[in-house]
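Visitor: Just so you know, we're using our numbering here: the sequence shown kicks off at 1 and counts up by one.
Where hints are given, some of them may not hold.
Stated by the list, open to error - Straight-line alpha carbon distances no greater than 20 Å define the calculated DMTMM-like cross-link-like pairs of lysine to aspartate or glutamate that follow:
(1) K209 / D184
(2) K209 / D243
(3) K209 / D171
(4) K209 / D219
(5) K209 / E228
(6) K87 / D45
(7) K209 / D231
(8) K209 / D160
(9) K87 / E16
(10) K209 / D250
(11) K87 / E48
(12) K87 / E27
(13) K87 / D13
(14) K87 / D71
(15) K87 / E70
(16) K209 / E115
(17) K209 / E227
No wet-lab data here; the hints were simulated from the structure.
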Amino acid sequence: MAAPDRDTRGIVDPAELLARVRFRRPEPAEPLRPYIEHYWLIDWDLTEPYVSHVVPHPAVHIVFQRLAGEDAFVEVAGIPHGLFAQKLEGRGRVCGIKFRPGAFRCVAPDRPVSEWTGRRVRQPEVFPDTDPATVLDPADETARVAALDAFLLALGPRPDPQAELATTLVDRIRTDRTIRRVTDFARAEGLSVRLLQRLFAGYVGVGPKWVILRYRIHDALERAGVEEHVDWAALAADLGYADQAHLIRDFTATVGVTPTTYAQGAQGTQGTQGTR
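Construct the entire structure; sequences and hints are all you get.
Guide: Laid out in structure tokens, this is it:
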């Protein structure tokens, strides 16, 4: 099994989360890697409740969960509109599947991915014949990963050229910080804005503008978490904002606190971060 991926981009206050839970990101079986970015496994045993917060990626998840006081269940978690929050308490376990942007349609081809956006749908509406215990019960982590592989392979994901295009375009936005305007991006890709938006609605679940802005906030979170003194005006320019005020507005609306407040907390000079 692959070593855990330590990339915590998008997690609000990752140090606080990792101090409270065991968090790993193993890889799926080779045939599933065109569709799955990684699995994510979390176990916890807490004496006090803790609320984790994540600035979502443009990805759909299938999540097997055993939370304190609840029966085990599996759900499809579409892309949240805003900050994602999850309360953790007592003892619990989660085994999640993070799809590559665009790839969820390969296992659920009957509806556009935008129909899942903002929703968390549990059994029996999804996967009614699946027993979550087959994934959650094994004490051995390798066995849990094998169970996730078996679950996905049984769904029979199939290549889809449109899904592959959507994945490629989202990855281009993620890695190329010169992409700042949807109109320019569509023109560079040889697509009309209308076709680009239709592709993203059908296969990603959110629009290209949402993806561009979200990766900017991920970058800002990361910089605020590791740099002792952030030059917010320079960072705004690096991320393609017209000015610092626009970055502050987007950051605050997404994370729930101003960039300066978040940075102070991340550096240990102020109270707990991740509050809404």
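Visitor: Within 20 Å, alpha carbon to alpha carbon, are K209 and D250?
Guide: holds, 13 Å
Visitor: Taken at face value, is the distance from the CA of D243 to the CA of K209 at most 20 Å?
Guide: Distance of about 18 Å is within 20 Å: holds.
Visitor: Against the 20 Å threshold, does the CA-CA distance of K87 and E48 hold or violate the hint?
Guide: With a Cα-Cα distance of about 11 Å, the restraint between K87 and E48 holds, given a limit of 20 Å.
Visitor: For K87 and E70, compute the direct alpha-carbon distance and say whether it is at most 20 Å.
Guide: At roughly 13 Å apart (the allowed maximum being 20 Å), E70 and K87 satisfy the hint.
Visitor: So if I understand the rule, the pair passes when the alpha-carbon distance is 20 Å or less; does K209 with D231 pass?
Guide: violated, 25 Å
Visitor: Would the pair K87 and D13 pass a check requiring their Cα atoms to be no farther apart than 20 Å?
Guide: holds, 15 Å
Visitor: When you check the alpha-carbon spacing of K209 and E115, does it fall within 20 Å?
Guide: holds, 18 Å
Visitor: Has the given pair, K209 with E228, been kept, meaning a C-alpha gap of at most 20 Å?
Guide: violated, 30 Å
Visitor: With a cut-off of 20 Å on the C-alpha distance, tell me whether K209 and D160 pass.
Guide: Roughly 23 Å separates the two Cα atoms, so the pair is violated.
Visitor: Would the hint linking K87 and E27 be met if the CA-CA limit is 20 Å?
Guide: Outside the cut-off at roughly 26 Å; violated.
Visitor: Given the hinted pair K209 and E227, is their alpha-carbon gap at most 20 Å?
Guide: violated, 27 Å
Visitor: Sort out whether D219 lies within 20 Å of K209, counting only the CA atoms.
Guide: Within the cut-off at roughly 16 Å; holds.
Hint compliance for this structure: hints 5, 7, 8, 12 and 17 are not met, and every other hint is.
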